[in-house]
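J.: Here is how the chains run, residue by residue.
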Amino acid sequence: MQLAIQISIIALMSAFVYALVALGFTLVFGILRIVNFAHGEFYMLGAYAVYVFYGQLGWPYLPAIAASALVVGLFGILTERILFRRFAGDEMGGMIMSLALAITLQAAVSLIFSVDEHSVARPVEGAIELGRIFLAKDQLLVVAVTLLALAAFYALIEKTRLGITIRAVAQDREVALLQGVRSWRIMALTFGLACMLAALAGALMAPIYTIHPYMGELVVVKAFIIVVLGGLGSLPGAVAAALILSFTEAIAATFYNATVATMLSFLIVIAVLLVRPAGLMGRTS
Amino acid sequence: MSALSISQSAPRLGPLRMLAAFLLAAAVLLWPLAFGQPKFLLHIAIMIAIYGALAMSMNLMLRIGQLSLAHGALFGIGAYASAILSRDYGWPVELSFVASGLIAALVALVTGPVFMRIKGVHFALLTFALGEVLVLCFVEFSDIFGGNNGFGQIPAATLGGLLPPTRYGSYLLTASFALAVYFGLGALYRRELGIITESIHQNEALVTASGFETLQFRVAVFALSAAIAGWSGSLYAHYQGYISPDSFGFWTAVNAIIMNVLGGAATLTGAVIGAVILIPLPELLRDQQQYQRLIYGLTLMALLLFMPRGLLGLARQVLSSLRGRS
Numbered sequence: 001m002q003l004a005i006q007i008s009i010i011a012l013m014s015a016f017v018y019a020l021v022a023l024g025f026t027l028v029f030g031i032l033r034i035v036n037f038a039h040g041e042f043y044m045l046g047a048y049a050v051y052v053f054y055g056q057l058g059w060p061y062l063p064a065i066a067a068s069a070l071v072v073g074l075f076g077i078l079t080e081r082i083l084f085r086r087f088a089g090d091e092m093g094g095m096i097m098s099l100a101l102a103i104t105l106q107a108a109v110s111l112i113f114s115v116d117e118h119s120v121a122r123p124v125e126g127a128i129e130l131g132r133i134f135l136a137k138d139q140l141l142v143v144a145v146t147l148l149a150l151a152a153f154y155a156l157i158e159k160t161r162l163g164i165t166i167r168a169v170a171q172d173r174e175v176a177l178l179q180g181v182r183s184w185r186i187m188a189l190t191f192g193l194a195c196m197l198a199a200l201a202g203a204l205m206a207p208i209y210t211i212h213p214y215m216g217e218l219v220v221v222k223a224f225i226i227v228v229l230g231g232l233g234s235l236p237g238a239v240a241a242a243l244i245l246s247f248t249e250a251i252a253a254t255f256y257n258a259t260v261a262t263m264l265s266f267l268i269v270i271a272v273l274l275v276r277p278a279g280l281m282g283r284t285s
Numbered sequence: 001m002s003a004l005s006i007s008q009s010a011p012r013l014g015p016l017r018m019l020a021a022f023l024l025a026a027a028v029l030l031w032p033l034a035f036g037q038p039k040f041l042l043h044i045a046i047m048i049a050i051y052g053a054l055a056m057s058m059n060l061m062l063r064i065g066q067l068s069l070a071h072g073a074l075f076g077i078g079a080y081a082s083a084i085l086s087r088d089y090g091w092p093v094e095l096s097f098v099a100s101g102l103i104a105a106l107v108a109l110v111t112g113p114v115f116m117r118i119k120g121v122h123f124a125l126l127t128f129a130l131g132e133v134l135v136l137c138f139v140e141f142s143d144i145f146g147g148n149n150g151f152g153q154i155p156a157a158t159l160g161g162l163l164p165p166t167r168y169g170s171y172l173l174t175a176s177f178a179l180a181v182y183f184g185l186g187a188l189y190r191r192e193l194g195i196i197t198e199s200i201h202q203n204e205a206l207v208t209a210s211g212f213e214t215l216q217f218r219v220a221v222f223a224l225s226a227a228i229a230g231w232s233g234s235l236y237a238h239y240q241g242y243i244s245p246d247s248f249g250f251w252t253a254v255n256a257i258i259m260n261v262l263g264g265a266a267t268l269t270g271a272v273i274g275a276v277i278l279i280p281l282p283e284l285l286r287d288q289q290q291y292q293r294l295i296y297g298l299t300l301m302a303l304l305l306f307m308p309r310g311l312l313g314l315a316r317q318v319l320s321s322l323r324g325r326s
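If you read the sequences in order, they're chains V and P. Note that the first sequence covers residues 1 to 285 in my numbering. Note that the second sequence covers residues 1 to 326 in my numbering.
Simulated from the structure, these hints should not be mistaken for lab results. Computed from a predicted structure; not experimentally measured. Glycine residues also receive a C-beta, built at the ideal position from the N, C-alpha and C atoms. Just to be clear, a hint being listed does not mean it is correct.
[To be verified] A partial selection of chain P residues facing chain V, derived with a Cβ cut-off under 7 Å:
1) MET18
2) ALA21
3) HIS122
4) LEU136
5) VAL139
6) GLU140
7) SER176
8) VAL254
9) ARG293
10) LEU294
11) LEU298
12) LEU300
Required output: the full structure, derived from the provided sequences and hints.
T.: If you want it as structure tokens, here you go:
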């Protein structure tokens, strides 16, 4: 029982973190038709930003993660403007540009901070004791903040004018243009938002694990699996798939090993792509 | 229809072009003799030959509008197959080499009938997942593949003593292979293969309606491409003498794609030019690995941004095939 709850908390934590990354990944694909392989690097940048703000400059933790998400989000808008805009709709060119950006960012961070792993001090210590069950406080904090971010994001997309506009551009850019939507601005905003979510995820995970310049590669692979399972461009699908993936992974990793767990998830991806290329919950185009 | 009528006007090799090809091959194979067989340059040239052949196998996939991210793993299958057969089973290197490409082609033939039905970005994602699974197999089944520790003591290829046991010998072998792929695929492109890919490209429905099995044709192209990737991998294994899973991952396939894109147009020559530009970079800046990666990334970005004309040809072709088929 205790093991089950411990596994669930870790699975829930990684599910929400993956969901934050995957949402941005799928949103960028929905709006710009770009498979952004550099998305994990924004996660990595978020972790390094919190390392600077919180670890080096000594800011309090919550303002530090907010600042990290904001700075990386602005940087994301900049990369969209300079690098990605002209590749909107060009799946091949956009993908290669994202690969070039990924290499560049990894190398730049390695040169500035060295390739070695760094650790960020835990913002909260200890555990909450509920009967005979121990829940680590730092993991609970991640769950709480990611849940909050997911809820805010959902409200933004579903309820606000901006959200409706974003969905309109994702569905049909030309029609949105005819309705007077300035789609370039929406693209920049969406890209920035996606980077912000990834950076927030990275900033939250930085104290849990160590940080290094290549940490984004693994996360973008997870996001990729989630997005394929949930369907490219589908938001509820991404959250559902994140939960499925993390629980399968946590269970498989506990009872078998991590390589087998990853192999299993890729085999599921292949099966889904073959049987239902639009994903489990994606819309068929 | 317009594409099918190309068959009459497809250029055949005239005597002049044959002479040019012969001179090119001679220059490629013999230049090291004139320069005193410089070891370092030869190493780079061998790498260009191996990865150039891989890039040309990728070119074949791009021809039918399928962006494969599994070619790193197919390259790996060739390398491991050849290494295991020659070291653990005592097969002659030449026989292992032949088998390596066939085994990679077999993987394509088995997966192809299902995989080649999937098109566009989903095919790229599918092959990405396939590549990851294969590389994880190399890591996980360590008693066969050596796992992350790698697989060493792979015998070198000597062609029964025909090749000098020097680096120039390795160069002769790999460069001959690359030339064979270049001229072989070039000849195929000028004949049926080029005409059919072009017609499928323009109007697949019409080609199918004419009674031509496009799926079978594309599976065959995938198999041929996989075989070339596998043979390149085999040459890599026998030249290096040591292989490990990280040489066969996602980035190997990506580099082969980038070589094609850099070359500027969807031609074999473009793929080779891409290899000639990209391969020396990491080798020259080996000591400062992070600077090398930074320069690589920045150069690539600059090329993508400021050389769009060269890139557009391929991008358009791939894009139209990503979108246009229904």
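J.: Could you run down the list of hints and mark each one as holding or not?
T.: Evaluated hints:
| no. | hint | in the structure |
| --- | --- | --- |
| 1 | MET18 | 35 Å, violated |
| 2 | ALA21 | 31 Å, violated |
| 3 | HIS122 | 5 Å, holds |
| 4 | LEU136 | 5 Å, holds |
| 5 | VAL139 | 6 Å, holds |
| 6 | GLU140 | 5 Å, holds |
| 7 | SER176 | 31 Å, violated |
| 8 | VAL254 | 6 Å, holds |
| 9 | ARG293 | 4 Å, holds |
| 10 | LEU294 | 4 Å, holds |
| 11 | LEU298 | 6 Å, holds |
| 12 | LEU300 | 4 Å, holds |
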